[in-house]
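Working from the sequences, and respecting the hints, build out all of it.
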Amino acid sequence: MLTVLFIVMGVLILALGVVMMIGNRRINESGVRSFRRHIDALSPEARREVHDRVRAQRDKKEGR
Amino acid sequence: MARDLAIDLGTANTLVYMKGKGIVLNEPSVIALNRQTGEVLATGREAWQMIGRTPGYIVAVRPLRGGAITDFEITERMIRLLLQRVGVSRFTRPKVVICVPSAITEVERRAVTDAARRAGAADAQLIEQPMAAAIGADLPIDEPVGNMVIDIGGGTSETAVISLGGIVALEAVRVGSFDIDAAIQAYVRREHGIAIGERTAEEVKMAIGSAAPTEDESQAEVRGRDLMTGLPKTVILTPEEIRFAIEDVVSSIIASVVRCLAKAPPELAQDFLVRGMYLVGGGGLLRGLAQRIERETQVPVKMSNMPLEAVVLGAGHCIEHYDALKNMFMGARR
Ligand SMILES: Nc1ncnc2c1ncn2[C@@H]1O[C@H](COP(=O)(O)OP(=O)(O)O)[C@@H](O)[C@H]1O
Ligand SMILES: [Mg+2]
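These protein sequences, in sequence, are chains Z and R.
Letter by letter, the first sequence follows residues 1 to 64 in the working numbering.
Letter by letter, the second sequence follows residues 1001 to 1334 in the working numbering.
By construction, these hints were calculated from the structure, which means they are not laboratory data.
A few of these clues could be false.
Simulated pairs of lysine-lysine, PhoX-like, Cα-Cα distance not exceeding 25 Å [stated by the list, open to error]: (1) R/K1326 <-> Z/K60; (2) Z/K61 <-> R/K1021; (3) R/K1326 <-> R/K1021; (4) R/K1021 <-> Z/K60; (5) R/K1019 <-> Z/K61.
Just so we're clear, the structure is a prediction, and the values are computed from it rather than from any experiment.
Spelled out as structure tokens, the structure:
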């Protein structure tokens, strides 16, 4: 009876550990992904849109 | 639905960028009030024209003048009026990203975001000025290299080292181009015995002010009030004497740049020697300043393409990529 209880408890602890590990990995992965997204959003290509828009605006104003 | 906004709430000038549209407002950060009733009489350029020319019952003030919020109520009203003017109301509820001097306190920050929310913003986030300036100045801040940006505004000078999308070192002082104006005012009063206004001092700075000798220098004629007789009087100012008058301010700005360089990790310091540092902000346009900084730091100094717009451009980029850049907002790092 007692051995069964121990086995059940052991399995439970193991399962908990696995769940925590997976959770952890997911958090880490989301860290990697959001960091990439952050860095990519700061790339010169990503920034060109705003620059071009404002430069065009300025050139138009100066041209007048 | 109103479009989302990015605001550069500068000590001297306020700029607003509208998502998908571009810069929709660019004017002095000045507000004119009726001293008795507290009513707002004018904002922006109109209020700026009143500085030093108001009758007793009107005051024209720059609420962010020293890079700190001296009067919360006035600042709040300025932000509300600003948002109203670009079409924000309780029904449109845009997201707003605001750039503030990095020296402002937690309480001041909250006052700014609260004011924006009360004026109708669905969400208001703050971003550090030098970070926005670096994005706007087109520096390769997405790479693991040291990028240095110096933003000299009216009331503040901020120098930052940025790498991999974040601030590595920051040095902000409450000294800026307004202090140069004040130094010119004080000098003319002391040495020539005439009183001149803040705006006249600014004109002198722009006309003949410099941080180091330059080619083709000329003199300037300035009109003021004779302190002895009380009558209008004209004097001639030379570039040398203006350089002398503003030297203390110039050297304290340069000292803050040096302090920031000293804070940077050595690996990044090497990068500056190759890449140089970038100068933005109206105060950076002072003649000879870039050369002076270069000489005293031994690091090349470059002028950014759009020095006056760099900050709002960077903030504009953040509003265009709001979700991806979320963790750059000041509240996110606590
Ligand atoms: N050509 C110039 N030479 C010297 N100073 C200048 C020049 N143009 C603007 N300034 C100064 O720059 C300051 C405004 O710069 P700005 O970057 O708009 O300030 P802030 O970001 O604090 O609002 C003002 O004090 C103005 O006198
Ligand atoms: Mg500025």
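Results of checking the hints against the structure:
no., hint, in the structure
1, R/K1326 <-> Z/K60, "violated, 32 Å"
2, Z/K61 <-> R/K1021, "holds, 15 Å"
3, R/K1326 <-> R/K1021, "holds, 21 Å"
4, R/K1021 <-> Z/K60, "holds, 14 Å"
5, R/K1019 <-> Z/K61, "holds, 19 Å"
This entry does not satisfy hint 1, going by the numbered hints stated previously; all others are met.
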